[in-house]
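Make one complex out of these two single chains by using the hints.
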Amino acid sequence: MAKAAENQSVEAYLRSLDHQLRNVPIEARRELVEDIAEHIDEGRERGRSESEIIAALGTPQAVAAPYLEDVLRDGNSPRLRRIRRVLGIVALVTGLFSAIISRSSDSTIVNMAFGPVELQGLSINYDYSDVFAAIQLLIFLALALMVAASAVMKPTTARKYSIAAAIVMTVVVIICGTGLGMFFVPSMVTAWMLAGANNLKLSHVGRSKRSRTVQAIGGVVLLIPVLLSLAGLATGGVQGAGAYVYAALGLLCGVGFVLKFRLALWATCIIGAGVSIGSILDQGMLMAALWLAGIAYFYFGLYGLLWFEKRKLAS
Amino acid sequence: MLEQREKIATNIRKGVLEYCVLGSLANDDKYGLELAEELTKRHLTAGEGSLYPLLARMKTAGLVETRWEEGGAGRKRKYYSITGHGQIMLKEFRAVWADITEQVEQLLGGQDGEGS
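Just so you know, the sequences run in chain order A and B.
So the first sequence is residues 0 to 314, counted in numbering that gives the first Met the number 0.
So the second sequence is residues 0 to 115, counted in numbering that gives the first Met the number 0.
Only chain B is shown next, with the shape it has when bound in the complex (with noise of 0.2 Å):
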């Protein structure tokens, strides 16, 4: 059951983990660890590694831009932030996600849930 319910979630994550870092970087700049941190208090990711790979692939499509700053221990750390463009796309984002939400809830709300 939890296997499942662990498929499951990772099929949504992934559709929504990109604008989930958005929507962490339009309340304030943040590195790294500090993102991989709050995501997986979260449960939004399942591995903490996995999202460099995203915020790469985001960078190069515009969405976020990075910048170097001291750091801890005289270390520069590579700070992530939102694009204009980036602000765009959360914008659009949650209007689709509201109507996804609402839609869903509508649809199994009325169900009775088995439980678990």
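Next comes chain A alone, as it looks inside the complex (with noise of 0.2 Å):
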């Protein structure tokens, strides 16, 4: 009986380093478990008691401690902070953006499936819209306001709050639905990309092997319509300066991307934002596809820029 307790300590003392290391990388956590497991076993066999093992241990917090440390120095270093800074302010200038833009679609009213039965579709009734647009714009600045607010926590404390904040603004855009759901796709990527960046428990081998995977699906997204535009002007199916721009464009930035050229990157950065911009002010048939993959282009360059490894260090 006494061997089963003492058995049951270890086996918790291990279990409880094991939950104290949860935020550090996966190759660390189990390689220092092990080792304590180790330690264990040797002075067991030395006839050293186990609780004897385990008063000279230290606590599990103890043990785990410069680890904890390491975690929150990475989340404090100098590139992270500045990611989170830059991803802050993103959110800030999207979520302002879109609560301004969604005003200027009058088909966003319309389309909205939810809120007051009398204030559904009232575009016509110029009062109540005013009120509406009001309370839009508000609902708008609050979720903007919410993303960014985990760029200036403190990283423990961005951690869960970053990945709620995620959760919130994905289910806003499905309750929204294609409508105004739409408008809040910058705000959901953005909170998204801070929850990774809160979010490190990815070694860094780990956090270059999610690089290549953006990398290789970002090429894919960017360069497959330029593909298809390509084989249209081969085959004369589609025709116009336009076609050409966009097929020398999409082709400099789908490349530069995959290549990680920084000035590529930022060109696609650019583009997608002015195509997202530009699908509001000119809005045509296509809007919502060229809103979207405006905002495709624009992420993957922010993806590339803040993430992917320069190109002298990759070489």
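Please keep in mind that the hints were generated in silico from the structure rather than gathered at the bench.
Quick reminder that beta carbons are idealized off the backbone N, C-alpha and C, glycines included.
Just so you know, nobody snuck in bad clues.
To give an idea of the chain A side of the interface with chain B (calculated C-beta under 7 Å), a few residues:
(1) 31
(2) 34
(3) 56
(4) 62
(5) 65
Keeping only pairs whose Cα atoms sit at most 16 Å apart, straight-line, the calculated EDC-like set for lysine to aspartate or glutamate is:
(6) 77(B) - 40(A)
(7) 58(B) - 34(A)
(8) 40(B) - 51(A)
(9) 58(B) - 28(B)
Structure follows, in structure tokens:
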């Protein structure tokens, strides 16, 4: 019986240590727990009692402390602080921008499928519309602030908060649907990027692996439309100077993105923002498609600028 | 009084523990428990467990390396040994330590200890 109780306390100790290390990169976490387990085994063989060994080890908190300091320092590193700050600003700017332009599209109000029935689809009734517009603006701003807030929080607080904020934004986009929800997409993407930046569970290796995944997805997303338009130009299915301009720019951005050229990343980012803004100013049939395509360009470019290793370092 | 002593000792140990590990490994390769017992015996570490994060960090920094060897009861043991870089750092530390202890001795040596 006593033996069982002791075993349990060793198990409890290791479990507690593992729990303390939950935010530490996985390899380091596993290695430390294994080292401690081996230490306990060796101690047992020397005839030390388990409670003795555990007492000598110190508390799981004390053992994990150096790693937790590392993780905290990582979250406070200049590069990460800069990334979080940039994302915070992006969250505010895109939130504000979306708030204003969402008002420019009448269809968004007609498409509203929630809220008080008498307020739905009331773009004709100007009194209500104005009240509604103000409320809508405030909601947008509140959500943008909610997303941006994690950029200035303590890294430990920002962890869970940023994930919660990203989930809230996703739910908002889903609830609002294709009409109004579309304008929340930038805030949602920014929220997830902030959640990613605040939750660096991944080791450095894992981080560059994730970068490569985004690089591959981005390359496909950016290049496939270009290839289609090139095919269209080649077969004569698509005509006009616009198509040529698009194909050239798209090709440069896409290839530059895959090759991680800073200039191409900036271009992708700026063109994306431009296309999104343009789609609002000149609302055509393709407004939604252009808006979302612009957002895709903008965020792939932004991700590359923030996370891709510099080419010199990579080679 | 004891508590204060412990506090002072903890602060000083923090800076030198890494080099004590290197010094110990410079004599002989050791596995974790051996190192932990030696350092505990000399009152150089408060908790044996905190040695392992330190060893992992030193490994990442290239000061020590590890290898697996047959241990007791057919189990594998992780042995730590000092690297060339570790030797260099240890030599640097020796010079710094000699200088610091000398200066501190000179500064404090002339004063009367109040005793405890």
